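Each chain is listed here by its residues.
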Amino acid sequence: MGNILRSKRFWLVAPAVVYIGFFMAVPLFQMAYVSILERGDYGGVNWGAFSMDAYISFIFERDLMDNLVVNTDYLQIFARSFGLSAMTTVFALLLGFPTAFYISTQPQSRRNFLIFLVTIPFWTNILVRNYAWMLLLRNGGLIDGVLNWMGLETGGLDILYTPYAVSIGLTYTYLPFMVLPIYASLEKLDHRLVEAAFDLGADKRRAMSRVILPLAAPGIAAGSILVFIPCLGAYVTPELLGGGKFMMIANLIGSQFGAARNWPLGAGLGFVLLALVLISMMIYSFKFKSLPEESR
Amino acid sequence: MKVDASNPLWRFRGITSTAMFFFAYLYLPIVVLIALSFNENRLATIWTGFTMDWYVTALSNDDMLRAAQNSIVVAISATVLATIAATLAAMGMSRGRFKGEAGVSAMLVLPLLVPEIVTAIATLLFFVALGIKLGLLTVILAHTVFCIPFAYLPIRARLEGMDPALVEAANDLYANDWKAFRRVTLPLLWPGILSGAMLSFIISLDDFVISYFVGGAGSTTLPIYIFGMIRIGITPEVNAVSAMMLIVSIVFVSISFMIDRIRY
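Line by line, the protein sequences are chains C and B.
Using this note's numbering, you'd call the opening residue of the first sequence number 1 and step up by one each time.
Using this note's numbering, you'd call the opening residue of the second sequence number 1 and step up by one each time.
Isolated chain B, as found in the complex (with noise of 0.2 Å):
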C-alpha cells in the first residue's frame, strides 16, 4: 500500500497508540534484561549501580564454558552440513518445474511444520532404536535437519531473483558445469548461501527442546545449561549469560539480514 501517512484520512483511531504499544511490549523484556545484567544488586530487579562483575563470573565459569564450546561445535558443523545441502538442493529446484516438485518442496520444509516436541521425542526415539548412544553427535545430527530449510529459504530467494541466461552465457561460452557454477552463480549467489549459513547458526546455537531430549550426559549445550540455572533460581549471573546469547542472536540475524541486502 503506497499511501500519503499525512492525509488525516488513513489515520484511524488506535493504530499508532497499539503499534507504539506493539513495540514496547517486544522490546520491553529484552532491554530489561540487558539492563538488568550490568546491576550490581545481587537481588537482580533493584538498581543500585553499574557492574561488569557478572559477566565475569560468568565468562569464568568452566561448566558454562564447556556448555557454549558444545554449543558451538554443534552449531558449526550443522550448519557447515545443512548449508551444504541446502545450497545444493536450491540449485536442484531453480531449474524450471519437475515431476515431484511439489513432493520435495514439501520435504525441504518439513521441518518447520512439524512442532518441535515431537521432532525432539521421534528423533530420540529413533536413535534410541538404532542404538546410537545420545551425545553430541546425535545433537549435531539433529540439528542439521531443522537448519536446512533455515538455510535453503534465502539461498532459493536468492537464485529465484537470478538471471538463468548469464549460466547458460558461460556454458555457450564452453564452461562446464562446475566452472559456470564458480565462475557466474557462486559469486553471484554468495550473500544468500552466507546469510542462510548465519540463520542456521543462530537458530542452532538457539535451539533448546531438541537438545534437551537428544543430548545426553557430556553434551549439554548452553541453553540446557541456562536452563538447569533457571530452574534453580533467578541470579545476576544468569542474567549476564542471557544477555550475552540476546546480543550474540541480535548481531548475528542483523548481519544476516544486511549481506541478504546487497545488490546483485
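Isolated chain C, as found in the complex (with noise of 0.2 Å):
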C-alpha cells in the first residue's frame, strides 16, 4: 500500500519537478560548462574546445605585448554592486524596521490592509516602477520642481543617472521584501516581555535596544538577505536610473550577451554570482536554522 501511495504522489510531483529540472537545472549546469569553452570567432562559443580565458580575463587582460596585466574594470562592478546593495539594504532596514513595528501594534484588521499596501508594488511591473522614479528624479521633474518652487535653486538636480538614482530605485523595489519578515517576527513577539521589561523600570531604549530588537533579529536578519541578493542581481534599476553608466554585475553579464558577444565570459559572471547567491542563502541558514524555535 505504502509503496503505491508513494509512487501515486511521484507521478503528482513530476511533472513541476522534471519541468523546472530541464528548463532551468540543466541549463544551469549548462551555463558552468559554457564559461570553461572557448569563445567564437564572431560571437558564440566553440563547442568542446575548452578554455579558462573567461575566469582569466575577471582580472586580467592582455597587453600589446600578450602579457597577462592586472585589469580592475571587472572587480569594479563587483565591488560597486555590494556597495549599493549593502547601501540599500541598510536604507531598507532603517525605513523597514520602523514600518514593520508601526504595523504590528495596530489593530488586526488595518494590519492585514498595511501589509496588503506593502505587497502590492511587489506585483507592479519593475520598469515602469522604475519609470516612475525618473519621472520625479530628472531635471525638470518633480522634485527638481518642488525644490525650485520652494525657492531652493538647483539649477537642476542632477542627480537621475547618478548612483544616488540607482540606490534610491533598488531601495524602493526591494523595500516590501524588508517589512515582511520583520513584521513577521514582530507580529509573534509576546509583548508581555517588553511590558515586564517597562516594570522592571527600563526606559524605551533599553526597551527597544534590549527586547525588542534581540527578539526581532531573525526577521532582520531574513530581510537583510531577501533585500541584499535580489539587489545585487538587480538588472533594470542600474540600467534605466544609473542610464547604463553605472553597470552592476547583471548589466555587465547581460552586456556580454548584447554588443560585447562574449558568451563564456557571460556565463562565467553569471556562474560567479549564482554561486555568491547560494553561498549567502547557505550562511543564512546555516546560521538561523540553528537557533533554538523561540529565538526565531
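Source of the hints: derived by calculation from the structure; they are not laboratory data.
Please note that a few of the clues may not be correct.
[As the list claims (entries may be wrong)] Residues from chain B shown here face chain C by an in silico Cβ test under 8 Å; the list is partial:
{"hint": "1", "residue": "F12"}
{"hint": "2", "residue": "Y25"}
{"hint": "3", "residue": "L88"}
{"hint": "4", "residue": "M107"}
{"hint": "5", "residue": "S242"}
[As the list claims (entries may be wrong)] Computed far set for chain C versus chain B, every beta-carbon distance over 10 Å:
{"hint": "6", "residue": "F10"}
{"hint": "7", "residue": "F58"}
{"hint": "8", "residue": "A86"}
{"hint": "9", "residue": "K204"}
These numbers come from a predicted model, not from an experiment.
Each residue gets a CB set at the ideal place from its N, CA and C atoms; glycine is no exception.
Two chains, each in its own frame: build the complex with the hints.
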C-alpha cells in the first residue's frame, strides 16, 4: 500500500519537478559548462574547445605584448554592486524596521490592509516603477520642480543617472522584502516581555535595544538577505536610473550577450553571481536554522 | 503582538513618522505616474490640464497592441501550464512526508532563488544549444518555469489548511481518487488555484528580464516594448501605457488576495 501511495505521489510531483529540472537546473549546469569553453570568433562559443579565458579575463587582460596585466574594471563593477547592495540594505532596514513595528502595533484588521499595501508595488512592473522614478528625479522633474518652487534654486538636480538614483530605485524596489519578515517576527513577539522590561524600569530606548531588537533579529536577518541578494542581481534599475553608466553585475552579464558578444565570460560571471547567492543563502540558513525555536 | 496602541508606552519616537514616510515613498511614484498620464502637457511634468488623449494615442498604436497581444498569449499559456503542474505538485506534497521531500521542495522554489539575469542567460544558452529558434515559444517555456512557484505556494498553503479527513471520508464512501478530487478537494481548493493562477499571470505579464534575453524577433512583449520607448525618451504615451500596466497589476493582485481570503 505504501509503495502504491508513494508512486502515485511521485506522478503528481513529477511534472513540475521534471519541468523545472529540464528548463532550469539543466540550463544552469550548461551555463557552468559554457563558462569553460572557448569564445567563438564571431560571438557564440566553440563547443568542445575548453579554455579558462573567461575566468582569467575577469581579473587580467592581455596587453599589446600579450602579457597578462591586472585589469580591475570587472572587479570594480563587483565592488560597486556589493557597495550599492549593502547601502540599499541599510536604507531598507532604516525605513523597514520602524514600518514593520508600526504595523505590528495596529489593530488586526488594519494590519492586514497595511501589509497588503506593502506588497502591492512588488506585483507591479519593475520597468514601470523605475520609470516613475525617472519622472520624479530627472532635471525639471517633480522633485526638482518642488525644490525650485520652494525657492531652492537647484539649477538642475542632476541626480538621475548617478549611483544615488540607482540606490533610491533599488531601495524602492526591494523594500517590501525587508518589511514582511520583520513584521512576521514582531507579530509573534510576546508583548508581555516588553511590558515586563518596562515594569523592571527599562526606558523605551532600553526596551527597544535589549528586548525588541534582539527578538526581531531573525526577521531582520531574513529581511536583509532578501533585500541584499536580489539587489546584487538587479538589472533594470541600474539600466534605467543609472543610464547604463553605472553597471552592476547583471548589466555586465547582460552586455556579454549583446554588444560584447563574449558568451563564456557572461556565463562565467553568471556562475559567479549564482555561487555568491547560494553561498549567502547557505550561510544564512546555517546560522539561523540552528537557533532554538523560540528565538526564531 | 497584541498591544493596546493607545498605551503611551507603546509609542516609540519616530516610528509613526517613519511609517508615514515609508508609505508616501512607496506610493508617491505610482500616484505621480498615474496623474501625469492624464496631463495634457507634452512636456510631461508641468500640469496644464486633464486629457485622455495619451491613452487614445497609445491604444491606437499597432506595435504596442501587438506587443500587448504577445504578452497576453505568453501569460495565459505560461499560467495554464504552471497552474496545472503546481496543483498536481501541491497535492503530491500534501500527504505526509516522504523520502526526498526536502529536495523536491527546494526544486519547486528554485526559480525564486536564482537571480533573474542568471536564469535569463542560462535559458538563452540552453535554447541556443538545442537549436530552438528564439520566439514566442521559448518565452512561454521560460515563463512557465518561474510561474510554477508563484502558483504552487498559494495552492500549497490552501491544502495545508484543509482537513485530510474529508478526502478519507470520501474514499470511505467509495469515491475513487478522481471522484474524491473532483467532488471534495477541488471545490475546497479552487480559491487557492485561482489565486495562484492570477499571481503567475501577473508575474508573467510583468516580466522583462527573461523575455528580453530569451525572446527573438516577433516575440516583443509589452514590457520589452515599454523598455524600448523609455530608451528613446520620456513621453506622455509611455506614461499612459505604464499607468495601464500598473492598474492591471494592482487590480489582479487585489482580486487574487480577496479570493485567497475566502473561507473554506
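Each hint, compared with the structure:
{"no.": "1", "hint": "F12", "verdict": "holds, 6 Å"}
{"no.": "2", "hint": "Y25", "verdict": "holds, 7 Å"}
{"no.": "3", "hint": "L88", "verdict": "holds, 5 Å"}
{"no.": "4", "hint": "M107", "verdict": "holds, 5 Å"}
{"no.": "5", "hint": "S242", "verdict": "holds, 4 Å"}
{"no.": "6", "hint": "F10", "verdict": "violated, 7 Å"}
{"no.": "7", "hint": "F58", "verdict": "holds, 16 Å"}
{"no.": "8", "hint": "A86", "verdict": "holds, 17 Å"}
{"no.": "9", "hint": "K204", "verdict": "violated, 6 Å"}
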